[in-house]
Each structure stands twice: as structure tokens, then as C-alpha cells.
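The working numbering applies: residue 75 is where the sequence shown begins, and numbers increase by one.
Calculated directly from the structure, the hints in this document are not laboratory data.
Treat the numbers as computed from the prediction; the structure is a model and nothing was measured.
Mixed in with the good hints, there may be bad ones.
[Stated by the list, open to error] The list that follows gives simulated cross-link-like pairs (lysine to any residue, SDA-like), each with its CA atoms no further than 25 Å apart:
(1) K355 / E407
(2) K802 / E407
(3) K802 / E510
(4) K88 / R288
(5) K211 / G245
(6) K129 / R154
(7) K454 / R474
(8) K211 / S231
(9) K454 / A532
(10) K113 / H276
(11) K113 / I319
(12) K113 / R284
(13) K582 / V449
(14) K454 / L291
(15) K98 / T274
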Amino acid sequence: MTRFVLDGVEVEAKAGETLWQVAKRLGRTIPHLCHADRKGFAAEANCRACVVEIKGERTLAASCRRPPSPGIVVVTAGERVERARRMVFDLLGEPVTAPPADLSHPAMAVRLEACILCGLCVQACRQVQGNDVIAIKGRGAASRIVFDQGLPLGQSSCVGCGECVQACPTGALAPARPQPEATTQIDSLCPYCGVGCQVTYHVADGAIVRTEGRDGLANEQRLCVKGRFGFDYPRHRHRLTMPLIRKPGAPKEPLDPADPFTHFREASWDEALDFAAAGLKRPPSALAGLGSAKGSNEEAYLFQKLVRTGFQTNNVDHCTRLCHASSVTALLEGIGSGAVTAPVAEVANAEVIVVIGANPTANHPVAASFIKNAVRKGAKLVVADPRGQALDRFAEHSLRFRSGTDVALLNAILHVIVCEKLYDADFVAARVTGFEALAEHVMAYAPEVMAPVCGIEADTIRAVARLFATARSAMILWGMGISQHAHGTDNSRALIALALICGHVGRKGSGLHPLRGQNNVQGASDAGLIPMMLPDYQRVGEEGRRARFEAAWGMDLDPTPGLTVVEMMDAALAGRLRAMYVMGENPAMSDPDLSHARAALAGLDHLVVQDIFLTETAMLADVVLPASAFAEKTGSFTNTDRHIQMGRAAVPLPGDARQDLWIIQELARRLGLDWRYSGPAEVFAEMTTVMPSLGGITWERLEREGGITTPQGKAILFDDAFPTQDGKARLVPASGIAPAETVDGDYPFILTTGRVLEHWHTGSMTRRSEVLDQLRPQAEITVNPDDLAALGVAEGGRLRMESRRGAVEAAAKPDPRLPRGLVFMAFCYGEAAANMLTNPVLDPMAKIPELKVSAVRLLALGEVDDSLSRERERVTRRSRDG
């Protein structure tokens, strides 16, 4: 602590504080322009607006940079200081010669006449987000801000995160659209990926007009393009505002969401709920429910409780089945817990970071920014991705292995670590079982043997193995490129083994982290939206664990594990499943082999869909219940770091839309359950009585603290023991080395699907955001440029892509990062649904489908004539006939 005098009062500075920070903490205002008092920003004292007088010193000092010295006397006001500041502001107010306003970007406007060259936008882009788009070009009076050496912003490599807009003090960089003055500010969360960024919604006239990042553990005020500019979808013209019932005889088929009344009629809530509930009064084996990872913890808990007690079946699932089911299966098997062992932020303490089967810059951009920050501070990054990605330029090693050969690559790395005795022998002896069996198993996976299989040179495999094993700390982060395989559980087992034998679990900078794709996948899984698990991962078949819930809920529960989402579709087509309740999920876009899934949904006797838009799934429903968007509800959400946070209602519901919790309860009452929860706080209170993981957490505490990490506030888990019977982790050898489907003469390309930066999941929200849809308006088939040239197709030309299950048409997009023979397509475009092509074969353990590897062929559209319509007819007929 340093004591000094500030404006006549003796004060004390905390360690590391500047004069400006001390003054701010004590409530004294010092003007500033170029200073952002935020993590990641350095004080550069460019504007000199924050100068103060230090008695005895000849020149004024920039308070944003000056640390206090013992005994100094500081004056923050007075004639000398104010005269200097007036000079600064007068100079800044003088007219400058600047290029015309740049309005080329849909989200951000550039008006350099307001620029004071403070450099905050450069810091925001380079040092905080790690994107390196913005720079200052020229010298002296010719200095100006440029994007990619002088391109218009809309043509540059800008990713639209808006960090520069949030940092700019003058409006030189600002939102492209005029914003009304906000009258209310609501602290809440971003509704998109699992990072769980905290935001402040600025609201005017009942609508969100601006979003700003808050200083949450997961984002430190940062946002991505979706969190910054994708807030307008709830007021889209397609928003559902009244219950809909299908007209008699109306076919179950795709339709225009702007005009649902060709197939539906409006109904009152009582009529719609009575009709919905009547169709759900069937034998338990004929019923199923799909909950949502976009809903709150309280909604997920009540939904699965309704299915288990109202439907009296365990046929309940959600999107984790299609994203990280195999990761959770392997983690539960290996370490006794299905959650991450350390938060993303621990990359700052990692010596080595491995990113495999994930593309964080597109899917988890804020998490990616922390990875880039860590690399720039000295961490070594290994990226393993068949496609190649933006993080490659930060990587020590970029492993573009062949799709579906994850186990071959990972077992070869394990082989090196075992053979060269690079593993942590003490950790293995004290805290792991199964090492001998694993060591024997990987002997067959020598790098020289696996190199031709996975496409990575043996020397590179050895270098990566040595780098990881000898690091003092290491993090492994993975995504659906690992999990969405017929051998996804084996992929995850190999990663778990890699971390365990090197002791990279349970300490700072180390851990296993499957990056969650949706904002509440972790919480929805914890709450029991899983067919074989009750809340807190208690298996339905274990009598003692089931008895706890039977006592709490007052009835006997089915001990038989239920159907997963893909199995539900099979059962529906077979006639065993006759009615479904779907809340906030869109399986008619997210399931593999969509012709099969859509035929299954259309063939149900009764389909109830609860959503905010007429999604592709809702188009097949018998009754549609208009629900609440994220910004219209209050509830708790658990991010990928196991951090439970409060999402708060910021705007009112439109029309006659209702809260999801209200809808679930109204259906429950019509099915004989006398539920009377007053709101999410009462639901959460019940959850704490049956879920030990919530021990010590109350709704009031969540409201007060904003976020709490589970369990017991521990960010890093398993520093002393694993939650297994003997306290030790279990190594399980991984065997699968080939995908279920491979290329051949008829289908010579491999398709891998995923998300793009500007859109999220099935696009039901982001494609109704004006800015996001302008940034990425059309479906694209991304192909290596040499492959496109061989097909005779230029960029933007039309391609047709076919698999053994279906066909789609879209524009061609070249990407040199893709190896020849590999094709990528996002699955968010309903007009060209990538999942028409994907393979429904399942991982035998996790029941997750093989969405990452499908054999396809590409044709220039001119070679196709009218065969697309014939293909659609053939696939529809095949699905209908089973």
C-alpha cells in the first residue's frame, strides 16, 4: 500500500493502481478519452485529457499511467490542470480532413472526422480480441486508422466483434444504425454459445437497442458479433404471438413462416393447451419429449420432470445428444464427472494448449480471444483440425489430420509418451488405474504406422507428444469434431488418457474442457434432460438413486432408460412412438438424415411444439405454443465453465406469447399434476433439494452475486481425488480408427458440417437478426480451390452436393485451408439443409450420430438438369417406406 495526498486528503493506493484508478475508486472524476480501465487494455496516455498536477514537478502527469509514490501531493483540478485540458479538447474539436464516412459494414460505421488517434480501437482489436485488423497508418498529420492496410471495413477481415465500438470514446467507430437513448439497463447474459458472456441490455420503448459486454468471469467485457449485434431477433416479423392449431387436412410440409395461416389457425390458450394435452394422453411407451439447451435450468428441470411424472417415461432428451454426448459418456466413465475440469480462463496459466476438433474463432470467439492472449504471452498452441482454421497462425503445430482418424493420431501420441517414459509416473501411480492395459494397447499405434492413416508425419507426432508431456501445465479443449463420430466416445477416451497420464488435471493451467455449443447445454444436462439420467447424473436404473426422486416427486418412476433423440425418430417411423412434445429444439434441422427425421415427425399422430418462431419442426406440428425468447425471461443458466449465472428479463413478451415455465405448468396440470410454482425461484429451490451439486446455492445468492461456480465454487476440480468409488481415474483404451463411411468412386469427397461465426445452431434466431443475416446471407459449400477448379466452378457458382441420403444445392466458396477431398457446410440454412446428407449411424456408447464424416459427390449445377427433384422424391419415398 502507498499513502499519498489526493486533493488535500491523505489516501491509500492499492498495489498496482494508477492515480486515475485511485481517484475513480474514491469517487473523484478525472476526464479521460483514450483510457479504457479494462483488462487487456494498456494506458498509453495519448490524449492527455486526464492530466493532473503533482506538486514540485515541472510537467503535468497523465494520471492513467502514473503510479503513486509515497508522500506525493496530487491535484486533480485547478487553473493549471484545467487550462491544459481545455487545450486538449479545443485541439480535438478542430475540423480535420478525413475520408468520407465508411458505411460498408452492416453493423458498424466508421467516421474518422471524430477520430482522435487514441489507439483504443487498435488495442481492442489486437491486444484484447487478437484479430489484428485495425492499425494506425502514416505519420504526424497523415496518421489515420485503417483496416487491413486500407480496405473499407465491410471488405476487410473484420469479424464484427464490436470491441472497437465499445472502446471508442468519440463515436469514430459506432453502431451503423442510429440508436434511441436507452431508458433502462438490464444486466443479463448472451443467449448463444456456451461461453456464457455477461451482457448489459440497453432498452428503449420495450426493445433492446444496444448490447454491451460486462466484466464476467467468462468474457471480461468482451463479446462476439452474435452477442454484440444479434439481439434483435425477438422482434422479427416471424415471431409467434398466438397459439396455432393445424387446420383439418392441412399437409405436414414446409411452409412460409411469414404466412402460417395456410396450414394453421389461431386459437385461444385454453383451446390450444386442452388440445395439446389431449393428444399427449397415451401409453408412456408412445410418448417422448425434447427439451431445450436454450432454456433456463428451471425450465429444463420442469420439462424432464413433466415427461417422467406426467408422461411416465424416460423418453426425454435434448441437443447434447447431437453435440457432446460422447464426451460426457467418456468423462463419466473415466473421471466420474461429465463436466469440464477447469474453465477456459485457465489457458492463461497453461504452458501448452491443445485445441482439437473445435474451431473456437467461429464457435466460441470470446474463448478464442483468451487462447490468442495466452499464446502472445508465451503459451504453445497445438491445433488439430482436418479443416484448418484461423487459430493456425498462432499455433506451434497445426495438425490437419484426415477426417475420422482422431484415435489413430491420439493413440500414436500416447505411444510416444509411454515408450519414451514421458508420463507422470507419480500421478499415474497415485491417482489412475488401467495404465498397464493402456500402455499395452497403444504399442500397436507407433507414429510410423499411424502416419499413413492419419496423414501426419511421424516426426511431427513425436514432437507434439514431447511438447505436451513435458509441459508444466497443459489444457485440452475440444468440440464436436471429436464428439460427433461413430467412435466419438473413443475419441474422448483418448484425450482423457492423454491428460491423465501426463498429470494435466487438477492444477492451475491444466484440465479437460469440452467446449459446450449452446448457452445451457451444461445446465440442461445437469438438470436431467437425458434419457438414462435423472438430475445430477443419477442413473434411472439404480434403485437407491431413483428412490430419492420418487420420494421428492411423490410417485414411482420408470427404471428403464429412455430413447435418445435419434432413436425417437426411428421409433416414430416404426409406429411405436405416436406423440411428442418439443420445446425450443429443431430436430427437423439438427438431426442427421433429415428426410428420415422429417418423415418421422410428420408421421406422428400428435406433435406439440413450443417455440418463438415457426421453425422447420413447428411446421410439422399439430399445435404450436408461442413461448418466451431469452431476453424476455428470468432464470439461471450454467455455462461451459460450470458457472451458474442469472439471465434477466429485459423486454416484455409480444402479443399473447407466454413464459415457457407457465406453458409447462399448464400442460402438467392438464395431465393430472397439480403444479403451482410461483416462478423460477421456487423451481430452483426444489432443484437444490434433489441436486447435491447445487449445495450452498440459493436464488437470493445468485441474484446477489450474479454467478456461482459448481460444485462448491471450485473452478479447478480433482486436485486431490476423483469422484469415483476409489477416488482414482480410470484409463480406457480407445480402438476406433476409421469413420463409418469412407470415400469411393461414387462419393469421392468427405463432408463435415458445423457452424459459422455469424450464425448459430439451426439459424432459427440468428437468421432473423438483421445484421447477422446480412453478414452471412446464403448457404455455401466450402471447397478447396483446386477441387473447385477441377469441377469447373468459380466462386459463387452453383454446386449440387449428394450423399447416399439426399442432395442440396448452394453457392461454391473456395477455402485454401481445406485439404483436397474435404468439403464443409454449415447446417443453419433451411433452404440448403446440410443434414439432408449426414449419416445417422450412432456411436454405440453415447448414441451420438456421425455428423462430421459423410461421403458425398459434387456436381456443377449445369450437369444436373432436373435430377434434384427426382432425388428428393426418391429420398422422401425411401423414408416414408422405412
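How the hints compare with the structure:
Annotation: proposed proximity of K355 to E407 is violated, straight-line Cα distance about 37 Å (limit 25 Å). Straight-line distance between C-alpha atoms of K802 and E407 comes to about 11 Å, which keeps the hinted pair within the 25 Å bound. The hinted pair formed by K802 and E510 meets the criterion: a straight-line CA distance of about 15 Å does not exceed 25 Å. Simply put, K88 and R288 have alpha-carbon atoms about 23 Å apart, close enough for the 25 Å limit, and the pair holds.
Simply put, K211 and G245 have alpha-carbon atoms about 19 Å apart, close enough for the 25 Å limit, and the pair holds. Distance hint between K129 and R154 is fulfilled; the C-alpha atoms sit about 12 Å from each other, no more than 25 Å. Restraint check: the Cα-Cα separation between K454 and R474 comes to about 17 Å, which is no more than 25 Å; the hinted pair holds. Restraint check for K211 and S231: satisfied, since their Cα atoms lie roughly 17 Å apart, inside the 25 Å limit.
For the proposed pair K454 and A532, the alpha carbon gap of about 20 Å is at most 25 Å, so the pair holds. A C-alpha spacing of about 22 Å is found between K113 and H276, which places the hinted pair at or below 25 Å, so the restraint holds. Annotation: proposed proximity of K113 to I319 is violated, straight-line Cα distance about 52 Å (limit 25 Å). Between K113 and R284, the direct Cα distance comes to roughly 22 Å. Compliance with the 25 Å bound is thereby established for this hinted pair.
The suggested pairing of K582 with V449 holds, with an alpha-carbon distance near 16 Å, which does not exceed 25 Å. Under the criterion of a C-alpha separation no larger than 25 Å, the hint pairing K454 with L291 is consistent with the structure, at around 23 Å. Pair hint K98 plus T274 holds up; C-alpha atoms about 21 Å apart against a cutoff of 25 Å.
Checked against the numbered hints above, the structure violates hints 1, 11; every other hint is satisfied.
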